[in-house]
Amino acid sequence: MGYTSLSFIVFCIAVCLVFFCIPRKYRWPWLLAMSLLFHFIASKALTLYLVGDIVVVWLCGLLIQRKKDKFNAIKKEIDKAERKIVKKQFEKREKLIEFIGIAVLLSVLLVLKYSPMFVSGAFGLARLFGANAETPLIRFALPLGISYYTLTGISYMADIRMGKLTAEKNPLRLATFISFFPHIVEGPFSRYGDLTPTLFMPDAFDYDRFRAGLLRVIWGFGKKMILADRAAFVVNPVFADPGAFRGPHIFAAMALYTVQIYAEFSGAMDIVTGLCEMMGIHLAENFRQPFFSRSIDEFWQRWHITLGAWLRDYVFYPITFSKGMQKLSAKCREKLGGYYGAILPATLALFAVWFLIGLWHGASLKYVFYGLYYYILMTIAKLAKPATDKLQIKRDTRLYRGFEIARTCLAVLVGMTIFRADTVGQAFSMTAMIFTRPSVAAFTDGSLFAFDKFSWPDAVIIVLALAAVIFVDIRKESGHSPRETLVKQKHGVFAWIAVVLGLLLLMILGIYGQGSGASPLIYGQF
Amino acid sequence: MKKHLIRLARVLAFALVFVLAVNYLSLVFTPRTETQRFGDYSRISYSYRAEAPDTIDVFFVGDSSAYRSVSPMELWERDGIAACMSGRGQQTAAGAYKIVRELFEKQNPKIVFIETGMLFPGKNEDIKKAAIEQNNQHSVIRRVFFSGPEVFDDIGVSSVGYYFPLAKYHSRWKELTLRDFVDLNTIYYSEYHGYVLSGDVEAYTGGDAYMGNENDAPAQMYDGAEKKLDAIVELCRSHGALPVLFTAPCAMSWNYGKHNATAAYAQKQSLTYRDYNLPGEIPELDWLTDSKDGGDHLNHPGAVKMTEHIRQDIQTLCPVPDRRTDPKYTERFDHDDLIYRQQVQKELAPDKE
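These protein sequence lines are chains A and B, in that order.
Start counting the first sequence at 1; every next residue gets the next number (this note's numbering).
Start counting the second sequence at 1; every next residue gets the next number (this note's numbering).
Check before you lean on any hint, since a few could be wrong.
Interface residues of chain B toward chain A, partial, derived using beta-carbon atoms under 8 Å [said to hold, decoys possible]:
{"#": "1", "residue": "L12"}
{"#": "2", "residue": "F14"}
{"#": "3", "residue": "V22"}
{"#": "4", "residue": "Y24"}
{"#": "5", "residue": "P149"}
{"#": "6", "residue": "D153"}
{"#": "7", "residue": "G156"}
{"#": "8", "residue": "A167"}
{"#": "9", "residue": "R274"}
If you're looking for bench data, these hints aren't it; they were derived computationally from the structure.
We put the beta carbon where it would ideally sit given N, CA and C, even for glycine.
Kindly produce the complete structure, drawing on both the sequences and the hints.
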């Protein structure tokens with residue numbers, strides 16, 4: 001059920017209609033039932049994996065909590081010295097339970113999603129050593145959202161073990177959190193402590209908040225159906241056969257893919273966050289105007305925010321604050337001095353983060369390279385900082401900020417090309433073709449608009465839609481939300497005008513219907 | 001309380017504005033002619049309204065079997081017969097009566113062919129069972145539940161498109177001109193005079209077995225269908241037109257039970273009845289190549305064969321003038337024939353999309 005499909009729209013309307021009729025305290029069982037139904041419609045019997053994971057997470061959470069409660073009960077009865085020892089023992093057991101839980105969750109994910117990659121890699125290696133072995137075709141059907149709910153479950157167990165949360169005793173409440181249908185397809189990665197206050201007791205109905213949420217949903221639909229799906233008409237054929245196109249076409253496709261993935265992913269987040277907003281549930285933000293970033297580092301703090309935060313809290317910090325890394329850090333500071341001594345251990349920890357980011361996106365070396373591409377760029381920036389600081393460039397001028405933003409956008413464009421291309425080789429050859437296949441004629445002979453289902457009026461729509469997205473992002477970057485401005489207008493007429501106009505534009509300019517060529521969700525496949 | 005009422009009034013007002021806007025834009029976006037993309041099948045059934053007064057000599061009325069099986073332009077090309085088709089999916093006898101009644105306000109056809117598929121319910125049981133086994137065609141709810149939301153989306157989007165043509169024709173935004181916003185002409189101009197053309201091929205492999213046994217008991221017509229049929233026959237006769245019953249080849253739903261019932265009715269009313277499903281009626285018809293959907297409807301090659309036999313029957317039953325030298329007819333029919341031929345070539349091209 002894609003977010004922009006009729007079935008999803010009807011499903012959400014049905015959920016909301018009943019939702020608002022139930023007392024607030026009892027809405028979460030309805031959300032649980034609908035989330036499981038949503039998952040079952042998409043995954044059928046594979047929903048058992050989700051249920052199995054929920055059971056494992058719930059049990060492990062309770063067991064970890066039991067250990068904590070036991071320690072808290074006995075710690076007052078023992079002296080300080082012994083308390084330290086006993087605490088370490090209990091923490092060891094808590095970590096063991098957490099480890100078992102994570103191992104179970106990750107094993108399922110690794111087998112279902114990554115075994116084809118491992119098998120292919122193993123047989124490839126065997127052939128390198130002379131074995132005459134054909135790679136068997138292994139493919140498992142994936143339950144909907146397995147990458148998302150696996151990491152959500154891990155964060156829950158880790159938060160209990162770190163003492164940030166108390167384990168949920170009611171398995172149905174935990175199931176509601178993990179299976180919650182707005183965030184199971186493409187995120188955002190929700191934290192139990194952040195989401196559940198409004199998940200189990202949604203805010204009371206508020207007319208302005210409802211309208212604001214509705215506007216956000218329509219905005220999200222527009223980004224996906226008018227902008228992203230339209231850009232795909234150029235992107236798909238060029239990436240399918242780049243050799244058949246000239247430099248300008250390839251550059252246009254690369255740029256449009258960046259537009260497509262941003263519009264689609266952020267649009268999907270607008271849809272689910274807006275929907276939750278209508279229901280009085282607070283979902284975490286996943287985007288913060290990423291193309292205003294001045295560095296790759298900043299970009300990844302603004303793009304897929306919750307994934308970055310998850311990896312920071314559950315991979316980067318544990319590695320950085322581990323005993324081994326602390327020792328290494330001390331040695332580095334001793335040998336390399338202040339700056340490099342501090343960043344080198346962090347850089348090593350970041351390698352793990354970026355390796356996992358790449359791997360999370362897909363079970364192929366291309367995605368690993370994608371993650372490491374950004375890692376290399378960030379590492380170079382960090383290592384070069386002392387040297388660039390010596391140049392004493394005025395970094396706060398408009399010109400320099402503009403240069404940094406443009407530079408970041410270009411770097412992201414290349415990264416997204418790696419992400420979209422079939423192989424890393426294809427990505428680099430496409431980038432090279434921009435320069436090796438120049439063509440002035442491409443700008444005048446109309447070929448830039450001559451794609452299946454795409455002509456120059458579509459290009460105009462892309463430009464106008466992109467201008468609208470940029471305008472809204474500029475406003476949000478400067479701290480003003482156009483949505484809130486509309487909603488807070490006296491009499492609220494403008495908000496309703498925006499709703500009607502938005503719906504009409506969707507109906508007219510949206511890519512939908514049989515044979516329309518509407519694209520499936522990009523991030524939904526992860 | 002007052003605040004809530006004002007808010008509710010505002011919501012309803014904007015909902016009304018939205019619905020009105022969608023209805024207006026639906027008129028703007030709906031194609032007016034076949035040459036505009038995505039011809040509207042139900043509007044095609046009213047395309048006789050675009051015919052100049054007193055220019056139709058032969059009229060056909062029925063359901064989708066009718067509009068898929070007889071091509072008025074083939075009749076024009078062969079014998080200069082000025083014909084027009086009014087076919088509509090799920091047409092009823094009552095609907096057909098309204099159309100024929102309206103037709104006679106401006107036209108004086110010599111023959112009115114009435115397709116009989118619309119008179120009877122149900123599809124052939126065996127084929128239905130085979131279709132169920134083959135395609136697992138259960139109730140919509142079951143199909144949606146087990147086959148995924150894709151089925152719901154297909155059905156839903158088609159339904160939304162049917163009631164709100166803006167959703168169906170929204171892709172035409174690039175072709176619109178200012179005139180489309182101003183001239184909300186609801187008369188649909190069909191260059192094919194009501195025929196719906198398809199080059200698709202999906203074989204029906206059951207041969208003539210679908211007809212069943214010659215001695216099968218007469219089937220039951222829909223409630224009220226016979227009465228409406230009487231009214232159509234009466235209307236035709238009172239206007240000097242010869243009413244003729246005909247049944248286009250349809251393996252999915254026609255059989256001897258329905259044939260026998262129709263034949264009995266025709267005898268009662270002293271009507272000519274031509275059932276083109278009977279073995280040997282169209283000997284050159286090949287169900288392996290002449291159906292677009294596994295036996296439910298003919299495709300264009302099948303329709304050409306069927307139309308040839310209808311042409312011969314017209315000349316036998318009630319010869320109509322050859323209008324190919326009359327400018328009153330040629331101005332429209334020759335122009336439409338050109339467009340028809342181009343579309344036939346496109347539709348039958350091997351690399352058709």
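key: Closest C-beta approach of P149(B) to chain A relative to 8 Å, hint status   = Since the shortest Cβ distance to chain A is 3 Å, the answer is holds.
message = Next item in the hint list is D153(B). Is there a CB on chain A closer than 8 Å to its CB?
response = holds, 5 Å
query = Given F14(B) was flagged as interface, is its beta-carbon under 8 Å from a beta-carbon of chain A?
reply = Result: holds, 4 Å to nearest chain A Cβ.
query = Given G156(B) was flagged as interface, is its beta-carbon under 8 Å from a beta-carbon of chain A?
reply = Holds, because the Cβ-Cβ distance from G156(B) to chain A comes to roughly 4 Å (cut-off 8 Å).
ask   = Regarding the hint that R274(B) lies at the interface with chain A, is the smallest CB-CB distance below 8 Å?
value = violated, 36 Å
inquiry  = Min Cβ distance, A167(B) to chain A: is it shorter than 8 Å?
reply    = holds, 6 Å
task = Please verify that hint: Y24(B), Cβ, nearest Cβ of chain A, below 8 Å or not.
result = Not OK, violated: Y24(B) not within 8 Å of chain A, min 10 Å.
task = Go through the hint on V22(B) and say holds or violated, using the shortest Cβ distance to chain A against 8 Å.
result = holds, 7 Å
inquiry  = Under 8 Å is the threshold here; is the Cβ of L12(B) close enough to any Cβ of chain A for the hint to stand?
reply    = Hint violated; L12(B) Cβ to chain A Cβ min 11 Å, cut 8 Å.
Consistency with the previously given hints fails for numbers 1, 4 and 9, ordered from lowest to highest.
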